[in-house]
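**Q** Here's the letter readout for the chains.
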Amino acid sequence: MAVQKITNGTEVTLKVDGWLDTQASPELEKAVSELESNVESLVLDLEKLEYISSAGLRQIVAAHKKMNGKLTLRHVQPDIMSVLSMAGFDKRLHIEA
Amino acid sequence: MKHSIQKEITVVLALELIAVIAACALVTYRNFYSSALKTSRDDSRNAAKAAGTIISEYGLDTVTDPENKELYGKIRRRLRAICKAFELDYLYIYTIEGNDECHYIMAVASKDENDRIAAERLGLGTVRDCHPLHAQEQAAIKGEISDELLILRNEFGGDMTWIVPFFDNNGKARALIGADDALYLYNAGITRHFFVALIPISLLIFIAHMVLFFIIHRRIVTPVKTIANRMRTFDPSHEEEPLQVNSQDEMRSIAEAFEKMSRDIHLYIENIASITSEREQSRAQLDVARKIQYGMVPASFSENRNGVDVSALMQPAKEVGGDFYDAFTLENGNYCAMIGDVSGKGVGGALFMALTKSILRDRMKQIMDPAAVLNKVNDDLCTQNPEGMFATVFVLVIDPKTGVVTYANAGHNAPLLISGGEVSFLNPEPGIALGLFEDAGIRNGELVLKKGEGFLLYTDGVTEAVNTEKAFYGAERLLSLLKNNTPKESSAAVNSVKNSVEEFFTGCDQFDDITVLSLFYRSGETVCELKPALEDFRIVKQTVTEKCPGSSGAKKALLACEEAFVNIVSYSGASYIKFSCSAGGGILTVTLKDNGMRFDPFAAENTAEKDFESFDKGGMGISLIKQIADKAEWRSEEGNNVLTLTFKI
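So the sequences go chain by chain: A and B. Just so you know, we're using my numbering here: the first sequence kicks off at 1 and counts up by one. Just so you know, we're using my numbering here: the second sequence kicks off at 1 and counts up by one.
Careful: at least some of the hints might be erroneous.
[Stated by the list, open to error] Calculated cross-link-like contacts (lysine-lysine; reagent style DSS-like; alpha-carbon spacing at most 30 Å):
(1) K488/B with K48/A
(2) K15/A with K70/A
(3) K626/B with K610/B
(4) K555/B with K48/A
(5) K648/B with K488/B
(6) K610/B with K70/A
(7) K488/B with K91/A
[Claimed, not checked] Example chain B residues on the side facing chain A (calculated, C-beta under 8 Å, incomplete):
(8) G123
(9) V566
(10) F615
(11) L624
(12) Q627
(13) K631
(14) E633
[Unchecked claim] Counterexamples of contact, computed for chain B against chain A with all Cβ distances above 10 Å:
(15) E57
(16) Y58
(17) F195
(18) A208
(19) G295
(20) F437
(21) G445
(22) S552
(23) E563
(24) G618
Everything labelled a hint here was simulated from the structure, so no lab data went into it. Every residue gets a Cβ at the ideal spot worked out from N, C-alpha and C, and that includes glycine.
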């Protein structure tokens with residue numbers, strides 16, 4: 001898995017690629033925790049995310065809490081989308097196709 | 001020390017000193033005694049004779065005339081002068097009348113007091129009883145002189161008396177003249193002379209003894225003490241100073257002998273120390289050799305997921321042994337397993353084992369036919385085997401698609417076959433151990449395993465394990481062990497044999513490596529034992545991906561598997577996870593079996609709906625499994641949690 005950070009003013013985009021499984025999730029956790037305090041909104045670009053497990057989902061919830069809801073999931077692929085739906089995330093998160 | 005030479009020598013020398021001095025004293029005393037006696041006798045007799053001469057001058061009758069007092073006094077003065085001159089005590093003249101009456105004529109003494117008493121009591125005409133007459137008196141009466149000693153002790157003191165006869169002019173013995181030599185003077189003379197002679201002699205003897213004692217002390221006692229001290233404090237771990245023995249005699253040679261012995265001991269100890277350290281070093285190297293050797297056999301078969309279930313165990317003996325096993329997938333998809341035992345132990349055995357195992361693996365991967373490989377390896381070993389070592393090997397190859405097993409034996413113990421619910425010894429052609437003769441002529445055997453059937457391969461470390469009663473474990477015991485409790489999977493077979501053999505030889509040393517390999521045929525099923533660690537999930541991932549090529553459902557199935565796997569790893573405390581996976585007819589079945597805490601993930605309390613806000617604390621996993629899996633079941637089996645997930649793919 002790889003996490004790439006793009007900063008645009010007070011908005012930060014994290015491109016999360018590959019397999020976000022139990023072993024990889026601490027990397028995302030680290031990236032989120034290292035965000036500067038002036039960041040107002042966070043975008044997770046999941047265009048190249050192939051796989052997500054509950055450990056990855058937990059990090060998304062944690063990021064959602066940290067940003068006080070200012071979290072957007074972008075470019076979510078169908079496979080990932082179905083997992084997010086199973087967990088009920090589609091109802092609570094701002095998801096862009 | 002009970003006795004001391006020094007004390008003994010001192011006592012002996014002292015006793016000898018006393019004895020020698022006593023002997024000298026005795027001899028000296030005797031000499032002086034006899035010479036003093038002779039002097040006293042001669043002087044006294046001469047005095048008596050001189051007195052006789054004076055009496056003769058006047059004639060005895062004149063002297064005894066009571067009227068002639070003046071002359072009597074004159075003669076008396078003259079006699080007294082003689083008495084003094086000869087240092088006599090008394091000088092007297094008397095006759096013996098009858099048999100024993102002494103009639104004194106005249107008596108004088110040297111000392112005035114004595115002389116006065118003599119004049120009063122032994123004056124002319126004094127008669128005294130002198131019975132019995134002494135031998136000297138008897139002789140003198142006859143005109144003779146006797147040497148018989150006469151000691152008189154009376155009111156006049158103690159004297160040694162010498163008596164001579166007085167002859168008248170006609171030569172007739174008329175009277176007796178007695179001369180008394182004072183005993184105390186005589187004794188004092190002897191004593192004086194005795195000591196004058198004895199003291200220097202004694203002193204000389206004493207000095208001689210002291211010198212002897214000193215020599216003994218210095219030349220014997222002191223060196224012996226020095227050597228004894230050195231022996232007592234001898235410390236073989238230290239180089240010693242040379243012994244300080246100042247002599248060139250036997251003591252020096254004892255000291256030198258001891259020094260040589262100390263040096264030798266010192267040298268031996270150094271040698272022993274260096275030998276010991278060399279031995280430690282070579283033991284350490286042997287340990288390394290053994291680790292390398294055991295590192296050469298596969299430790300786990302978690303990656304062998306090709307329709308076979310394999311487990312193996314090598315329990316090393318103390319020495320570096322020569323057992324080996326190996327199991328791997330061949331290029332054609334078949335699976336190869338082998339077990340072997342090389343002759344000899346130690347480094348030689350280990351090297352030969354390493355060589356044999358490497359060649360076997362290489363050849364097997366190239367040729368893939370057991371008999372052909374054994375024959376080829378035999379030829380290889382025959383040309384590279386100067387020590388004449390050999391190896392017994394059993395090789396089998398199984399086709400996981402069909403269960404067809406091809407095997408070949410090179411002199412190894414017949415394996416056990418677990419087939420059709422029965423356990424029996426496979427009866428392969430015995431073949432011949434590798435490395436002995438060219439043209440081994442080993443041939444393949446063949447059989448077909450059904451699903452759930454398998455083998456147990458072992459080395460003679462199992463059957464020849466010895467218990468406290470010197471009995472062998474034996475093939476029959478092994479057979480009945482598996483018959484009584486027929487294993488259904490490889491790890492159970494291996495563990496059962498291991499425990500049974502270990503129990504058998506409890507209390508004895510393990511002489512040989514105990515090596516067991518078991519293989520079960522699973523058909524399309526993959527079975528492997530995983531460690532409860534996240535990194536082992538990659539095996540599940542790889543297996544599931546392989547079983548569902550090109551399926552879009554594979555990732556979701558994998559997601560469910562991961563959730564289940566992570567739960568076991570994180571919460572159960574299990575020491576292993578047995579993973580099996582089979583795919584066919586559009587259905588993928590995954591079973592995870594763990595020995596952790598009993599936990600039913602699908603029980604009501606574990607599937608309660610959770611709030612989105614608490615999802616970061618976990619709790620989505622089981623929900624995901626239930627949603628993804630087409631069938632998710634949990635059961636408890638012999639204390640294990642068994643989770644079976646079925647997916648349509």
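**Q** Give a verdict on every hint.
**A** How the hints compare with the structure:
For the proposed pair K488/B and K48/A, the alpha carbon gap of about 45 Å is over 30 Å, so the pair is violated. With a CA separation close to 16 Å, the supplied pair K15/A and K70/A stays within the 30 Å bound. For the given pair, K626/B sits about 14 Å from K610/B by alpha-carbon distance, which is consistent with the 30 Å threshold. Of the pairs offered as hints, the one joining K555/B and K48/A holds, with about 15 Å between alpha carbons and a cut-off of 30 Å not exceeded.
A threshold of 30 Å between alpha carbons decides the hint, and for K648/B with K488/B the separation of about 28 Å falls inside it, so the pair holds. Pair hint K610/B plus K70/A holds up; C-alpha atoms about 22 Å apart against a cutoff of 30 Å. For the hint linking K488/B to K91/A, the alpha-carbon distance of about 49 Å lies beyond 30 Å, and the restraint is violated. Nearest Cβ of chain A to the Cβ of G123/B: about 159 Å, over the 8 Å cut. The hint is violated.
Among the interface hints, the one on V566/B holds; its C-beta lies about 5 Å from the nearest C-beta in chain A, closer than the 8 Å criterion. For F615/B, the interface hint holds, the least distance from its beta-carbon to any beta-carbon of chain A being 4 Å, beneath 8 Å. Evaluation of the L624/B hint against chain A yields a held restraint, the C-beta minimum of about 6 Å falling below 8 Å. The beta carbon of Q627/B comes within 5 Å of a beta carbon in chain A, closer than 8 Å, and the hint placing it at the interface holds.
Evaluation of the K631/B hint against chain A yields a violated restraint, the C-beta minimum of about 17 Å exceeding 8 Å. A distance limit of 8 Å between C-beta atoms decides the matter here; for E633/B the minimum to chain A is near 20 Å, and the interface restraint is violated. No beta-carbon of chain A is positioned within 10 Å of the beta-carbon of E57/B; the least distance is around 164 Å. Distance to chain A confirms Y58/B as a non-interface residue, since its nearest Cβ pair spans about 166 Å, more than 10 Å.
No beta-carbon of chain A comes within 10 Å of the beta-carbon of F195/B; the shortest separation is about 121 Å. For A208/B, the shortest C-beta to C-beta distance to chain A comes to about 107 Å, beyond the 10 Å cut-off, and the non-interface label holds. Remark: the non-interface label on G295/B is consistent with the geometry, its nearest Cβ contact in chain A lying 27 Å away (cut-off 10 Å). In this structure F437/B is separated from chain A by more than 10 Å, as the shortest Cβ-Cβ distance comes to about 55 Å.
Distance to chain A confirms G445/B as a non-interface residue, since its nearest Cβ pair spans about 46 Å, more than 10 Å. At roughly 8 Å, the least C-beta separation between S552/B and chain A is not larger than 10 Å, which violates its mark as non-interface. Chain A draws E563/B into its interface by the beta-carbon criterion, the shortest separation being 6 Å against a cut-off of 10 Å. A beta-carbon of chain A comes within 10 Å of the beta-carbon of G618/B; the shortest separation is about 6 Å.
Taken one by one, the earlier hints fail for this structure at numbers 1, 7, 8, 13, 14, 22, 23, 24, listed in ascending order.
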